[in-house]
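**Student:** We have chain A already, so just place chain B on it with the hints.
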Amino acid sequence: MFALVDCNNFYASCERVFNPNLQGKPLAILSNNDGCVIARSDEAKSLGLPMGAPAFKYKTFFRDHKVHVYSSNYPLYGDMSRRVMRILERFTPDVEVYSIDEAFLKFEGFENYDLETYGHEIRTTILKWTGIPTCVGIAPTKALSKIANKIARKFPKETGGVYIIDTDLKRLKALKWTPIEKVWGIGHSLHKHLIKNQCKTAYDFVQLSDLWVRQSFSITQWKLKKDLEGISKIEMEQIKNKRAIATTRSFETTLTHLTDIKERISTFASSCAEKLRRQNSNCHMVIVFLKSNRFKTQSKQYRASTIVSIPFPTDSTLVISANAIKAIESIFKEGIQYKKAGVILTGIVPSYNRQLQMFDHEDPRHRPLMSAIDRLNNKYSTKKLKLANQDLKRTWKMRQAHLSPGYTTNLKDIIKVK
Amino acid sequence: MNKGNQQALEFFIPKSPNDLNGAIYFDTGISAGFPSPADDFMQQRLSLDSELIKNKEATFFARVSGQSMIDAGLNDNDLLVIDRSLSPSHNRIAVCFLDGEFTVKRLKVKKEEVWLQPENKNYKAIKITPENDFIIWGIVTNVIKKV
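So the sequences go chain by chain: A and B. Reading the first sequence from the start, the letters are residues 1 to 418 in our numbering. Reading the second sequence from the start, the letters are residues 1 to 147 in our numbering.
Because the hints were derived from the structure by calculation, they are not lab data. A virtual CB, placed ideally from N, CA and C, is assigned to each residue, including glycine. Be a bit skeptical, because a hint or two may be false.
[Stated by the list, open to error] Under 7 Å between C-beta atoms, here's a sample of chain A residues computed to sit facing chain B:
(1) Leu22
(2) Arg83
(3) Ile87
(4) Lys173
(5) Pro179
(6) Ile415
(7) Lys418
So here's chain A without its partners, still in its complex pose (with noise of 0.2 Å):
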């Protein structure tokens, strides 16, 4: 079985764990340099703002509706959400970070447990620990777990947060209930596709032949369909996260060396980097996470993974492999054979600042450069990135008018108690 735990409106909620007068009030999050809206509390939701909502056009709209409107708080986010994911690590082996705010969960050899007492006693258990509420979704599939989860979060009295889809009868009737487009993985063009072919819902696409799926769409398509079904064909990284840009890989031989793999997650990193800057956007958080070769059960088992939150917006190759380094460093352990790793970027925000973007074409001559600095910038870490990174200039003329205070990140933050 598998579960996906998503944190409700997670921004916001980071927000109002510390400021608990925020409760029940609407609230919108900026993007960096307080352009747009890209968060939003249930509250603005049912108030008609739209996400993407640029700041100044809705000026009056905040005064008119009291909307608490705050800058984006990346450093506090990014601590919160590694306290989450801590705990579910809590729970069980197999966690896997999917974005700032979500994470899968595999319960193998669970048999003799309530899965949805389970549930519950994680939903509480961050809730009581943290503060961030949490919906939880649970299913034979990652793809059922996803639907299964909007269950949970859209029907919150019936299911108290947590839906198990357990039984053939449940799993149909949440098919029926899910519109097609807000199937995990499915785009927006091939939505379109469907909708030709009277393809409306989950249970429609469950419909279709096999064959047709196949042929038509691709083999990721084929799988989606089987996770449908019941039948686990999803493994973690088959399906694009729109929300964050990932770099993956199992490794070629095991690996044990630190030195080794820091190379790796450099190189993903770069990779990583690139995409983001080939869609024009900038990102905010680095996951970086590790495993061991599972199925060599007779060697030591060991995952993890970690969140570090760069303070100001990026794209930048340098700064997104230090911060990755520095993250693998953290979560390193000796004596283990490594066979996987991965990073990747979220909080992701679209770019405003085109210039002085060095790497910006791909021109193939910038690859030895790039891997030259990166190498660099491995042995040196941040001193040689100051030299070299144009961020930085932007931190003092990034507009933060409505920052919170770093509470868990700055001791000159923390909360006054009388």
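**Tutor:** Coordinates of chain B only, in the frame set by chain A:
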């Protein structure tokens, strides 16, 4: 604190970090050869983090502002270590959110009633009623003060 007039310093041996509940196991492996003589002397440097923070994920810090808890040793500007995973109970010192403000007080639970007891005779105890906007935010485990 110490028996009689004997002045003694108490030394603490480092504890192994216990924030790894169940997630990771330790072993040095079973090797057939001669064991490393250094294994027995492996110690970590003392860590205040592991002494003060029992549950990393649930621990937060706060700064005391005011005098209401001075008799419990909580002075203005002291640093509080708060563990949200601990359950609130009678006589524990808690950080609460009461009517729009964070406050630190001793919890007093009498049958159905909850009181917030200051530790300063110039302050009155506060009875919590359903009209109050009230959350017990976390339990104070340690106070850190500058001297």
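**Student:** Each hint needs a verdict: does it hold in this structure or not?
**Tutor:** Status of the hints after comparison with the structure:
1. Leu22: Violated - the Cβ of Leu22(A) stays beyond 7 Å from chain B, reaching only about 11 Å at its closest.
2. Arg83: holds, 4 Å
3. Ile87: holds, 5 Å
4. Lys173: violated, 36 Å
5. Pro179: violated, 36 Å
6. Ile415: holds, 5 Å
7. Lys418: holds, 5 Å
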